[in-house]
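**Student:** Chain residues, written in single-letter form:
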Amino acid sequence: MSTISHGEAAPRGELDPDPPYDYPDYVGTRLRHPTRPLVTLPETLTELTGPVYGHESVGELDHDLTRQAPGEPLGERIIVSGRVLDEAGRPVRDTLVEIWQANAAGRYAHEVDRHPAPLDPNFHGAGRCVTDREGRYRFVTVKPGSYPWRNHPNAWRPAHIHFSLFGRAFSSRLVTQMYFPGDPLLAFDPIFQSVRDPKARERLVSRFDLDLTEPEWALGFAWDIVLRGPASTPMET
Amino acid sequence: MSGRGRTPSQTVGPYFAVGLTNERWPQVVSRDHPRAIRIRGRIVDGAGDPVPDAMVEIWQANEHGRYAHPADAREELPLEEGFTGFGRCGTDGDGEFELVTVKPGPVPAPGGGMQAPHVEVSVFARGLLKRLVTRMYFPDEEGANAVDPVLALVPAEERPTLVAVPDGDALRFDIHLQGDRQTAFFAL
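Protein sequence lines correspond, in order, to chains V and U. For our numbering, add 16 to where a residue sits in the first sequence, where the first one is 1. With our numbering, the residue at position 66 of the second sequence is 58, and numbering never jumps.
It is worth saying that the hints were derived from the structure and are not from the lab. C-beta: ideal position from N, C-alpha, C; glycine also. Hints are not guaranteed to be accurate.
As the list claims (entries may be wrong) - One-sided excerpt, in silico: chain V residues whose CB lies under 10 Å from chain U:
| # | residue |
| --- | --- |
| 1 | His49 |
| 2 | Arg52 |
| 3 | Gly66 |
| 4 | Ala125 |
Claimed, not checked - Far from chain U, some chain V residues (derived; all Cβ distances over 10 Å):
| # | residue |
| --- | --- |
| 5 | Thr82 |
| 6 | Glu92 |
| 7 | Arg93 |
| 8 | Ala133 |
| 9 | Pro137 |
| 10 | Gly161 |
| 11 | His168 |
| 12 | Leu202 |
| 13 | Gly236 |
From just these sequences and the hints, can you work out the full model?
**Tutor:** Structural data, given as structure tokens:
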């Protein structure tokens, strides 16, 4: 069994949908990417298990980012919903989904964010929910604004919502970002472009879905998330 | 291959504290647990500077070596109510994190035998387009560490980067992202 792999290789012999660690266009990677080869970790009981979170940790309104303050946040109200699946297309049930995002003006409720766009006292920008029996999640929020960052001159992040998921095992853990269809900034964004396979990149972009909209209330965007696993063959010794 | 293409990873970015970290997550067990241990560490970049916008997650078995997960069906080992085996902590301005947990018991190795007690560690940060995965082993387990099948896969000169060092009444596990002192990281 080969034990050493480079971080850039797909561990399972298929085109790796994940971005590389070393991606110079995203300046933040330069001093933070590993420079020694990675060691391939066999799937032991440690990796075949993973954090399990159920409904007990999530409040009834945690999925609704428009109802976490006394007043309503400003911005375009949207519903974001989809299914969490494994690579075989099976639903991943009862798994915690956490999101966070900028407000409609493109500003995070975070002390480090100095973008001179207004904070919204009625928008904290965080939500949680647990997938149902079909792996479905649903959030109500406002469409996040684009915002400038200092990666390169005149750099702007496309509008995005950060997602964090656990799945069934340690190896299925995923932190990613959901983008919006037709955003002209996607073509210029090194974080989005760091996913080299165009098909994989497109899987980060949500789809406008008229069926998800609520008339006279909110637009709807559909986004399915596919997590790694279930595990392949555990290590034999 | 049939089936679905996986959703790619993207960086956690600098603002994850909005949604992911809080005061409760760093405590896998309560601070007053009789056998609570503290794991402290600093995350350092390739220039030797602390990383103030990183997040560490740990996943581990309980003191009996049992995982709080349905795939660990060894009913003969006790599982405490409320023990999840999961903790999460953001780094502070000095790149430091601190987690409170218990020392895990040994867990089975594939094909028989046992793995040395270990804590599985994920690192997320601005500048990391996908998480880094490593393991923390315990300094008082020299014998078990010497025969651990996963440590054996790590080049000998890098193995010390995976063993915590005593630090007062805590254990220190510094994580170097890059360079000559880089921590050994795993590909899943």
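**Student:** Does each hint hold? Answer for all of them.
**Tutor:** Going down the list of hints, with the structure as the test:
1. His49: holds (6 Å)
2. Arg52: With a closest approach of 5 Å, the Arg52 (chain V) hint holds.
3. Gly66: holds (6 Å)
4. Ala125: holds (6 Å)
5. Thr82: holds (15 Å)
6. Glu92: The claim holds: Glu92 (chain V) sits with its nearest Cβ about 20 Å from chain U, beyond 10 Å.
7. Arg93: Arg93 (chain V) clear of chain U: closest Cβ-Cβ about 19 Å, beyond 10 Å.
8. Ala133: At about 14 Å from chain U, Ala133 (chain V) clears the 10 Å cut-off, so the statement holds.
9. Pro137: Consistent with the label, Pro137 (chain V) stays out of reach of chain U, its closest Cβ about 15 Å off (over 10 Å).
10. Gly161: Check passes; 13 Å lies beyond 10 Å.
11. His168: holds (14 Å)
12. Leu202: The claim holds: Leu202 (chain V) sits with its nearest Cβ about 12 Å from chain U, beyond 10 Å.
13. Gly236: holds (19 Å)
Comparing the model with each earlier hint shows no violations; every hint is respected.
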